[in-house]
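Sequences listed follow chains A and B, in order.
Just so you know, we're using the working numbering here: the first sequence kicks off at 1 and counts up by one.
Just so you know, we're using the working numbering here: the second sequence kicks off at 1 and counts up by one.
None of these hints come from the bench; they were simulated from the model.
Given the structure is predicted, the values throughout are model-derived calculations rather than measurements.
Please note: incorrect hints may appear among the correct ones.
The calculated lysine-lysine pairs, modelled on DSS-like cross-linking and capped at a C-alpha distance of 27 angstroms, are [what the hints assert, rightly or not]:
| id | chain 1 | residue 1 | chain 2 | residue 2 |
| --- | --- | --- | --- | --- |
| 1 | B | 97 | B | 43 |
| 2 | B | 61 | A | 4 |
| 3 | B | 61 | B | 124 |
| 4 | B | 123 | B | 97 |
| 5 | B | 158 | B | 61 |
| 6 | B | 123 | A | 4 |
Here's the letter readout for the chains.
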Amino acid sequence: MEIKNYSDLDALEMDTLREVGSIGTGNAATALSGLLGCPVRITLPEVRIMGYNEAIDWIGGPENVTAGVLVHISGDMGGIMLAVQPLEFVNAILHHMLGNQVDSYGQLDELQRSALVEVGNIMISTFINALTGLSGMRVALTVPSITVDMQGAILAVPMAEYGGQTDYLMTIGGNFICDQYELPCRLLLSPDIRSLNYLLQKLGVSNG
Amino acid sequence: MGKPGQKLVVKIADMQIAQHGEELITYALGSCIGICLQDKVTKLSALIHIMLPINMEAGRKNTMKYADTGIRETLKQMEARGARKGNIVAKVAGGAKMFDTAPGSSLGNIGKRNVESVHLVLKKEGIRLLAEDVGGTVARTVSFDPSTGQATVRSYGKPDHVI
Chain A
1 MEIKNYSDLD ALEMDTLREV GSIGTGNAAT ALSGLLGCPV RITLPEVRIM GYNEAIDWIG
61 GPENVTAGVL VHISGDMGGI MLAVQPLEFV NAILHHMLGN QVDSYGQLDE LQRSALVEVG
121 NIMISTFINA LTGLSGMRVA LTVPSITVDM QGAILAVPMA EYGGQTDYLM TIGGNFICDQ
181 YELPCRLLLS PDIRSLNYLL QKLGVSNG
Chain B
1 MGKPGQKLVV KIADMQIAQH GEELITYALG SCIGICLQDK VTKLSALIHI MLPINMEAGR
61 KNTMKYADTG IRETLKQMEA RGARKGNIVA KVAGGAKMFD TAPGSSLGNI GKRNVESVHL
121 VLKKEGIRLL AEDVGGTVAR TVSFDPSTGQ ATVRSYGKPD HVI
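Just chain A, with the same shape it has in the complex (with noise of 0.2 angstroms):
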């Protein structure tokens, strides 16, 4: 039986999707490891599908400011994957690439924020080399895009692309600790509801 909404997804293809986002952080944190020179754990993976209001409370409001890569994902999955990175990221990064610092958003120059583009460029590569690897789908990246503002329009950026199919916004993916403390960058992947079932049947999960 194929999903037509994400709340069909039973209790094996959920720990199936947590996986997936569990290996695809793994390997996204140990490239971040490469870039930052320290060891980089991730917190537990979350698979979370939210109602649209639901989700700008998670994030944490809708005004708050914060910066945005984000990779449209197409081939044999459709999806949107971003890396949403707060200040204490984007300085942990800024620090170790570039020896600087900012204090706000507004500051960053033109090489800062190409750095911040590079960093969640490979984060998501690497999540879907990971996820490709896994299930031999094969699927193309968009040329990454960065976005500085309200998080409540950034994260209506994948719930308005799939707006049609659904009510709720899905979000596989963790959060970083790094030199002991934790690193709030979210890495996400909203995928369409028809690449999910694509998706589990590759992997061998799909009830039906």
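Assemble chain B onto chain A, guided by the hints.
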């Protein structure tokens, strides 16, 4: 309906009706659009937060998620509360493009399509569009004061402005 002086928060895919003395607000519109509708005479006002241009869902539940069903349902509810359609005017904000995605992608620009749909539906319903702040690449928070008919737009890194 809230008490006078109360701020009524309009969530995503949501709508609230307010009258003189109350205030309507909706946060962080990206590609979404905030549509303020007001009866100039009675001051009865509504704010809708739509996400997509056209409702093609079977059963058409969740009317406020879409520009077409959202505006029509809101007009109906305003009329049921004594507003006259001929007196209703609109102010609109939102419809930005949050990320600079590759040109020629099939995903298109949802913000732009939302703006076009809002324009079309308002025109079809005979509602005059008084002012708008749409497009661009920045998120907007919109508040509407029914007593003055003013909509205030707040964006990151920009001064507030009134439309």
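Results of checking the hints against the structure:
1. Straight-line distance between C-alpha atoms of residue 97 of chain B and residue 43 of chain B comes to about 32 angstroms, which puts the hinted pair past the 27 angstroms bound.
2. Restraint check: the Cα-Cα separation between residue 61 of chain B and residue 4 of chain A comes to about 16 angstroms, which is no more than 27 angstroms; the hinted pair holds.
3. A hinted pair counts as satisfied when its Cα atoms are at most 27 angstroms apart, and residue 61 of chain B with residue 124 of chain B qualifies at roughly 22 angstroms.
4. With a CA separation close to 24 angstroms, the supplied pair residue 123 of chain B and residue 97 of chain B stays within the 27 angstroms bound.
5. Taken as a hint, the residue 158 of chain B and residue 61 of chain B pair is broken in the structure, with Cα atoms around 37 angstroms apart against an allowance of 27 angstroms.
6. Distance restraint check for residue 123 of chain B and residue 4 of chain A: the Cα-Cα separation of roughly 36 angstroms exceeds the 27 angstroms cut-off, and the hinted pair is therefore not satisfied.
In terms of the numbered hints stated before, the structure departs from hints 1, 5, 6, listed from lowest to highest.
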